[in-house]
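One line per chain: the protein sequences are A and B, in this order.
The first sequence: position 84 = 83 (numbering that gives the first Met the number 0), numbered continuously.
The second sequence: position 284 = 283 (numbering that gives the first Met the number 0), numbered continuously.
Treat the hints with caution; some may be incorrect.
Claimed, not checked - Derived SDA-like pairs: lysine to any residue, alpha-carbon spacing no greater than 20 Å straight-line:
| id | chain 1 | residue 1 | chain 2 | residue 2 |
| --- | --- | --- | --- | --- |
| 1 | B | K131 | A | Q58 |
| 2 | B | K155 | B | R139 |
| 3 | B | K155 | A | L4 |
| 4 | B | K131 | A | G2 |
| 5 | B | K155 | B | G185 |
| 6 | B | K131 | A | T5 |
| 7 | B | K155 | A | Y89 |
| 8 | B | K155 | B | G183 |
| 9 | B | K155 | B | G124 |
| 10 | B | K131 | A | R87 |
| 11 | B | K131 | A | G88 |
| 12 | B | K131 | A | A6 |
| 13 | B | K131 | B | V151 |
| 14 | B | K155 | A | G88 |
| 15 | B | K155 | B | W110 |
| 16 | B | K155 | A | R87 |
| 17 | B | K131 | B | K155 |
Unchecked claim - Negatives, chain A to chain B, calculated, CB over 12 Å:
| id | residue |
| --- | --- |
| 18 | T5 |
| 19 | I18 |
| 20 | L24 |
| 21 | L34 |
| 22 | F162 |
| 23 | S185 |
| 24 | A193 |
| 25 | P221 |
For the record, the hints were derived by calculation from the structure and aren't laboratory data.
Here the structure is a predicted model, which means the values were calculated and not measured.
C-beta atoms are modelled at their ideal positions from N, C-alpha and C, and glycine is treated no differently.
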Amino acid sequence: MKGRLTAYAGYQLRDYFAIRALPTLVASGLAAWALAAARGVTLSDLDPTGGIDARDRIQQTFELVLTSFAFVAGAAAAHGVVARHRARGYDRLVFSRPLSPVRYYTQGFVLAGIGAVILGTVGAEVYAVAVHPVSLPGVAGYVALAWLLVGGLAFLLSIVTAFYLPVLTLVLAADLALDYFAGPLSAAGVGPVAAAIQLALPPAHVLVTLRAPFARGLPIDPGGLAWPAGFGVACIVAAMVLLRRCPFRS
Amino acid sequence: MPTASDAGPAGAGGSVACAVIELSHVSKTFASRSASPARALDDVSFRVGAGEVGGISGPAGAGKSTLLAIAAGQLRPSSGSVRIDGIEPRRFVEREGVAYMPQPLALPGGWRVSDALTRLAVLSGVRPAYTKHRVEAAMRELGLYDDRRLRVRLLKGEARLRLGLAQAIVADHRVIILDEPLEGMGPESLERLRELIVRLRAFDRAILIASRDTAELQRLTDRVTLIDRGRTRRPGTTRRDTPADVEGVFHITLHHGGEHVLAVFPNAISLGRSTYAVRVAGFAPLNRGLRELLDRGALLAAVTPAHAAADATALAVNEVGT
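Can you make the complete structure from the sequences, with help from the hints?
Have a look at this one:
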């Protein structure tokens, strides 16, 4: 079985670049543009010859782009791996072959993650050559962490529901919103409740705060990594268990 | 005369020596949030032995596809037991795989025909050295070779059915399950399917076909079980007296003397290049026929069991190629 799936790995990686790479780049570009516009960043602010302030703005904008890319690429890594497969009925055809659905889907998910890391690293390399140096291992690590957290959750949700993308967006947005409004919520006396809810949600806010140290190649606190990485690993393990129990839609 | 399917569940008597697909008192109920649970199958028992071709017939909504999905290990029955080669179907499929043609055929529309078959051959475990040959052979056998560069989404109707069959036979599986392969087939494709079933019939292979076309199914299979609204309306009745007469299909290749084949083996089908598929009731009649062929002056080049022939041809092609 391993041989069959190993032989098929090339197709899965090729599918990532042929089908998902461009939409990932476009979607993350749009997301970054929207975020930058919301912060009032314009193209004229991004002049590399504009001194320290301008370079700092460029660096911050790059980190914004990186965050957008990492979230979108993480979600895209799981997109179509299970839910779309099932919705279109490919699973019945593929799993009449001597294959384990758990291994097939997990391999597809892992290869999409590798594709995302390659895509992110190549993009960062282009940026580093053309605009400003960045830490390539840091970028690769950040995309991998986002794949683990966002992708892991998307992988799990795509096994549970066909509407995994709206649900994923909702829970990520809920975590970010709770983090953003932590001050007012605490002032309103519901801080502990919000914190308890946030513990059950994916720690997207932690991922956001980690972008600067990753992109700048600064030392990362392992304790800060543990929550998002642990959450992602738990989601992937749960997804594999669910797949083992329910390999098909019904 | 009692038939294998009349005999009922595993362990019961019957003339089938080695049952490969066995469903015993299978029921399936689908839960529904909005309506009451729907009972798709109700106490269905069915058996297809090695060397047999079994048919399931019934109107639309009778439960045929559900039955096949259960047999292929893709659905779990609500009650009853299902076994392939004595083990739970999902385990069997993960170990050996089955040639399964679902209805409708779902494949990514952007794949090209040859690419789709190559991918599925790889996933089926066809060895890399044989993949190209197996894919080409399947395309030629099903008349898809000229469409090999077409995107799957451009294939409609009959061509799509043929692709469904091609992906099922691109690897050499012991269990073949075809869901509605006759639906919308024209005379030419039907003839191909008949020849295909003859070629695929083998000692150790069980073939299960579901179709609404009972008459054609009776022609293609050894027995047809009729189901309606999830219940068995007529258990499989054996068309032939014993399963012994379906013991083997062989490919006979002659150096010369092909004109005598039909006289000796009236059911022979020409596969081209002086090769014929013949169905015989065992080694004794095969040897008798071969002796008669030799007596008539024919010169034998090869005799192979039909299901082994594809690999032998692939090997020969590869050896020539290297």
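Handout entry: 12 Å cut-off, C-beta based - S185 of chain A kept clear of every residue in chain B
Key = The claim holds: S185 of chain A sits with its nearest Cβ about 40 Å from chain B, beyond 12 Å.
Problem - Proposed proximity, G88 of chain A with K131 of chain B (alpha carbon, max 20 Å) - result: violated (26 Å)
Handout entry: Separation of P221 of chain A from chain B, once the least beta-carbon distance is taken, above 12 Å
Key = holds (39 Å)
Handout entry: Distance restraint between K155 of chain B and R139 of chain B, which requires alpha-carbon spacing of 20 Å or less
Key = holds (18 Å)
Problem - Agreement of K155 of chain B and G88 of chain A with the hint, judged by alpha carbon distance not exceeding 20 Å - result: The hint holds at about 17 Å.
Problem - 20 Å limit on alpha-carbon distance, applied to hinted pair K155 of chain B and L4 of chain A - result: Not satisfied, since the Cα-Cα distance of roughly 30 Å exceeds 20 Å.
Problem - Pairwise hint evaluation, Y89 of chain A against K155 of chain B, where the allowed Cα distance is 20 Å at most - result: It holds: about 18 Å lies between the C-alpha atoms, which stays within 20 Å.
Practice task
For the pair supplied as a hint, K131 of chain B and Q58 of chain A, confirm whether the alpha-carbon distance does not exceed 20 Å.
Solution key: violated (51 Å)
Practice task
Please work out if K131 of chain B and T5 of chain A have their alpha carbons no farther apart than 20 Å.
Solution key: holds (18 Å)
Practice task
Please work out if K155 of chain B and R87 of chain A have their alpha carbons no farther apart than 20 Å.
Solution key: The given pair, whose Cα atoms are some 17 Å apart, holds under the 20 Å limit.
Handout entry: Least C-beta distance between I18 of chain A and chain B, which was stated to exceed 12 Å
Key = violated (8 Å)
Exercise for the section: Decide if the proposed pair is consistent with the structure: K155 of chain B and W110 of chain B, CA atoms, cutoff 20 Å inclusive. Expected result: holds (14 Å)
Going down the numbered hints, you'll see the structure goes against 1, 3, 9, 10, 11, 17, 18, 19, while the others check out.
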